[in-house]
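Same order as they appear, the protein sequences are chains A and B. Following the numbering used here from start to finish, the first sequence increments by one per residue and tops out at 297. Following the numbering used here from start to finish, the second sequence increments by one per residue and tops out at 1297.
Take these hints with a grain of salt, some might be off.
[Claimed, not checked] Now the in silico label distances, taken between C-beta atoms and shown as ranges: (1) Phe215/A with Asp1030/B: 46 to 56 Å; (2) Asp231/A with Thr1272/B: 25 to 35 Å; (3) Glu1014/B with Lys233/A: 37 to 47 Å; (4) Gly1073/B with Lys266/A: 42 to 52 Å; (5) Gln1045/B with Pro277/A: 43 to 53 Å; (6) Thr158/A with Pro1061/B: 26 to 36 Å; (7) Asp38/A with Thr1272/B: 33 to 43 Å; (8) Phe1215/B with Arg198/A: 22 to 32 Å.
Just so you know, the hints here were simulated from the structure itself, not pulled from any lab data. Every residue gets a Cβ at the ideal spot worked out from N, C-alpha and C, and that includes glycine.
Protein chains: 2
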Amino acid sequence: MRIDLEKIQADLSEKYERLKKAACVDAKSDNTAKALVDIVQFSLQFLKDCCAPTRLISKVPDKIYFSFSLRKGRPKFSRSVNKDLFSFNAERRLHHFLKGSLSDIPFNERQRLLYTTAMSYCCASDMLRTGDQKTPATFFECLIGHLFARSFGVNPRTQVEVLRLEEESSTLPTDFIFDIGPAKPKFHVPVKTSTRERVIQVFAHQRVLDGVHGFGKFTGILVCLTETKLDHKSKEVIEICVPRQWNLYQRFIAPMKRFYYFDVPKKYENLTKGDPPMAVLPFAKFFEEVPELISGK
Amino acid sequence: MRIDLEKIQADLSEKYERLKKAACVDAKSDNTAKALVDIVQFSLQFLKDCCAPTRLISKVPDKIYFSFSLRKGRPKFSRSVNKDLFSFNAERRLHHFLKGSLSDIPFNERQRLLYTTAMSYCCASDMLRTGDQKTPATFFECLIGHLFARSFGVNPRTQVEVLRLEEESSTLPTDFIFDIGPAKPKFHVPVKTSTRERVIQVFAHQRVLDGVHGFGKFTGILVCLTETKLDHKSKEVIEICVPRQWNLYQRFIAPMKRFYYFDVPKKYENLTKGDPPMAVLPFAKFFEEVPELISGK
């Protein structure tokens, strides 16, 4: 089979731009769902047709990782992919995005669908667009923005008005803010493909919101893809986690209500049994928790 | 004159490693001062012999910027340099570092000495080491670490013990911490060549220290080189400032006592007259303020 990588790259870029635009116009729309499914299908097809998995040396207990690489041409490797969570079979479930019915899918299947979806474009982009960190992050934001907007029934904003009492009103640029109406909690939803040392920003933004609007007005929900790091030379995968610091940030900067991961890091999972407990959960859980979150309990 | 850039680069790297080691062993020592003066003299000599200034398009009101570029060989430009603050003549004052007597120098001269010192290695490195962001940042940390350590008479630490009451004691990794003894304020001194959107970390760390140790125990002092950004294509220089956000962070995350800049951004300077006022000052001022800072007033 003759493969034209430049053509694939151009098509992928076009689909990426279409998704970005659709999500910007109306994140919760059918149009965004369609654009999302389209780019995911295209990315998975590319990974299936043109790439092969290479087993990596996983330094993460009980997790197996692989990396996609191009079958022909330059030797290029994607980010690390969790073997148990990635499945080409998940494609069969993509229509659930169009119907907005993810909660109907059994939990483990839902987890695989979400992880495979998030990783599809990221890995394709790793292979086709050299040194591009930005479009995978934006793709991930579009995905989360869409899923939250569907679940909450409102589109996100990306800044908050603060301090209306003052002469000039200020705005605080944030990740997503979902305002589901009066007498309901509002949601502060930072979205990151990984946090590393930047996680402190998440708590600090929550602190400003708590300070300006009062405690409990904004429910903080971090959504994160993974904390794995692949050393491209040694082919070793590690998870970079700083649980002790998370505990300090939760206690002394501002408490976050949920920490959702597509690939939950072991060391953060243990924080659920910490003091105070921090709710670090698989993102698939979100779809069951929506009513509870909206109720503000 | 035949110029061997590889030789110069190797010498510069060696001097850099020597400074780093000296600062690590004993930041306040004569040895560190010597290593500092040595690398600064070498960098200035290189800039004088091998480089020429190119005027940049300054979008910053009342400030003129230029960029160094190699006289021969590849067309490579340094970061932007403030014309009024950089002076090869400052070299005559370098012996003040050896004596630890910077406060003896008239204010404007002191400002130029400090700016020229900080920029010397940064610009030389821009020219000789492609894509290297790390060594200029580390050089700047060594410079600030040394000057604070001399002024306070103690070496810095880079982590703080927190929460000794608990089973396992935790530490918080920070920028510099100076502990000048019992019944004195301790100093939390984050050091950045520029802050951009990362400034929120500075306030967030201060918040954790205030929370864990009580208000007023740690005096927060940010030291920053500049907020300029050079567009290498258009040759335009801008200052990236978010004063509204600084105001929110100061009020709702944690108050910092001082913000010292080598090249004070106009928009942050105005915060000194803000509500609440924030002390954004030229770093040269620090050497006059040491007694007041130590007194905790």
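Which numbered hints fail
2, 3, 5 and 7
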